[in-house]
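Peer 1: Following the hints, complete the assembly by docking chain B onto the known chain A.
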Amino acid sequence: MTIATNSRGAALMALGAAFLMAGSYLGLFRAPAEQYMGDVQRIMYVHVPTAWNALLALTFAFGCAVTFLVRGGWSWDARHEAAVEVGVVLGALLCAQGAVWAKPTWGVWWDWDPRLTTTAVMVFAFAGILALRRFVEDPARRAVWSAVATIVAFVDVPIVYFSVRWWNSLHQLQSTPETVSAAFHWPLRINAFGILFLMSGWISVRSQLSRLRLSGELAPPLPAAAAKLAEQPAGGTS
Amino acid sequence: MSGVVVGGWEYVWAAYAITAAVLIGYTVSLAVRWRSARERALRQTEER
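These protein sequence lines are chains A and B, in that order. Per the numbering used here, the very first residue in the first sequence carries number 1; after that it's consecutive. Per the numbering used here, the very first residue in the second sequence carries number 1; after that it's consecutive.
Check before you lean on any hint, since a few could be wrong.
[Unchecked claim] Simulated DEER-style distance windows between Cβ atoms: (1) B:25 <-> A:132: 31 to 37 angstroms; (2) B:32 <-> A:178: 21 to 27 angstroms; (3) B:44 <-> A:185: 46 to 52 angstroms; (4) A:110 <-> B:7: 20 to 26 angstroms; (5) B:43 <-> A:29: 44 to 50 angstroms; (6) A:131 <-> B:36: 18 to 24 angstroms; (7) B:43 <-> A:21: 33 to 39 angstroms; (8) A:30 <-> B:43: 32 to 38 angstroms; (9) B:25 <-> A:32: 47 to 53 angstroms; (10) B:6 <-> A:185: 23 to 29 angstroms; (11) A:21 <-> B:10: 19 to 25 angstroms.
[Stated by the list, open to error] Derived list of chain A stretches under chain B, where covered just means 3 residues or more per stretch with a C-beta under 8 angstroms from a C-beta of chain B: (12) 27 to 38; (13) 102 to 115; (14) 142 to 149; (15) 161 to 173.
[As the list claims (entries may be wrong)] Partial list, derived from the structure: chain A residues whose beta carbon lies under 7 angstroms from chain B: (16) 89; (17) 96; (18) 97.
Worth flagging that the hints you see were computed from the coordinates, not collected in a lab. Ideal Cβ placement from N, Cα and C applies to all residues, glycine included.
So here's chain A without its partners, still in its complex pose (with noise of 0.2 angstroms):
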C-alpha cells in the first residue's frame, strides 16, 4: 500500500487560508462599522461564511450517503465520513461564533430560540453519526448504517436554514449579498470563499485517510497471518 502526496487538498487549503487573510483583514480594518450593531457587526464576516459552508458541508455529505447506498462504491463512503467530520467542526465553530455575537447583542450568551436550538441538535445528530462509525468495526455495516443515519439526521438541515422564516425568531433573517449594504460584501464574500477552498481541501485529505484505513481494512491478510492459517487442520475452525 503506498500513500501519495495530496497536493490537491494543500492547494486548497493554502488558497482558502490567503481568502480568509485576505477577508478578514477587510471585514476588521477596512469595512465600516454598522449603524446599529457597530463593531460587533464585523463578526458576521466570519460567522456568516461558517454557516454556508457548514450546510454545504452536511448536504455534500447527504449526498454523498445516497450515492453510496444507490450505487455503492467504498470511495462515497469516505467521502461521506470526511464531509459528516468536516460539517461537525464548521457546526461546532459556528455556534461558538454565534455565542460570541449574541452576548454584546442579545445579552446572553444563548438562548433557546428555533435557530440557536435546530442547530444544536443539527450538530449533536452529526457528531453521533461520527461516533457510530467509530464504534462499528464492520466496514460494510458502517458504512450502511451511517448512510442511512446521515439522510435522517439531514432532515435537520433545511430546518434550520428555514427557521428564521418559519418561527418568530429571535436570530436575524440570512445574511446575504443581497440583503447587507454594499460596503459589507466584499469581506463576506472572499472570507465565504476562503471557507469554501478550505473546507475542500480538508474533504479531499481528509476522504483520503478514510480511503487509507478503508484500504487497509479491506485487505487479503498478510503473506505471514495466510502462512499460519494454512498450517491449520482443512476444514478445522477450532
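Peer 2: Just chain B, lined up with the frame of chain A:
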C-alpha cells in the same frame, strides 16, 4: 439607551481568535493524521 451597540471589539477579537484556532487546529490534526497514516502504510509495505 440608544439601541446602538457601542464598543465590543473584545467580542470581535474573541470571535476571530476562536475561528483561527479551530481552522488551524483542524488543519494541524489532519496533517498529524496524514503523517501517521503514511508511516503506517510504509510499515505495512515493508511487512509484505
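Peer 1: Work down the list of hints and note, for each, if the structure agrees.
Peer 2: Cross-check of the supplied hints:
no.: 1; hint: B:25 <-> A:132: 31 to 37 angstroms; result: 24 angstroms, violated
no.: 2; hint: B:32 <-> A:178: 21 to 27 angstroms; result: 41 angstroms, violated
no.: 3; hint: B:44 <-> A:185: 46 to 52 angstroms; result: 51 angstroms, holds
no.: 4; hint: A:110 <-> B:7: 20 to 26 angstroms; result: 22 angstroms, holds
no.: 5; hint: B:43 <-> A:29: 44 to 50 angstroms; result: 49 angstroms, holds
no.: 6; hint: A:131 <-> B:36: 18 to 24 angstroms; result: 21 angstroms, holds
no.: 7; hint: B:43 <-> A:21: 33 to 39 angstroms; result: 38 angstroms, holds
no.: 8; hint: A:30 <-> B:43: 32 to 38 angstroms; result: 51 angstroms, violated
no.: 9; hint: B:25 <-> A:32: 47 to 53 angstroms; result: 31 angstroms, violated
no.: 10; hint: B:6 <-> A:185: 23 to 29 angstroms; result: 25 angstroms, holds
no.: 11; hint: A:21 <-> B:10: 19 to 25 angstroms; result: 21 angstroms, holds
no.: 12; hint: 27 to 38; result: holds (count 5)
no.: 13; hint: 102 to 115; result: holds (count 3)
no.: 14; hint: 142 to 149; result: violated (count 0)
no.: 15; hint: 161 to 173; result: violated (count 0)
no.: 16; hint: 89; result: 5 angstroms, holds
no.: 17; hint: 96; result: 5 angstroms, holds
no.: 18; hint: 97; result: 5 angstroms, holds
The structure does not agree with the numbered hints 1, 2, 8, 9, 14 and 15 stated previously, though it agrees with the rest.
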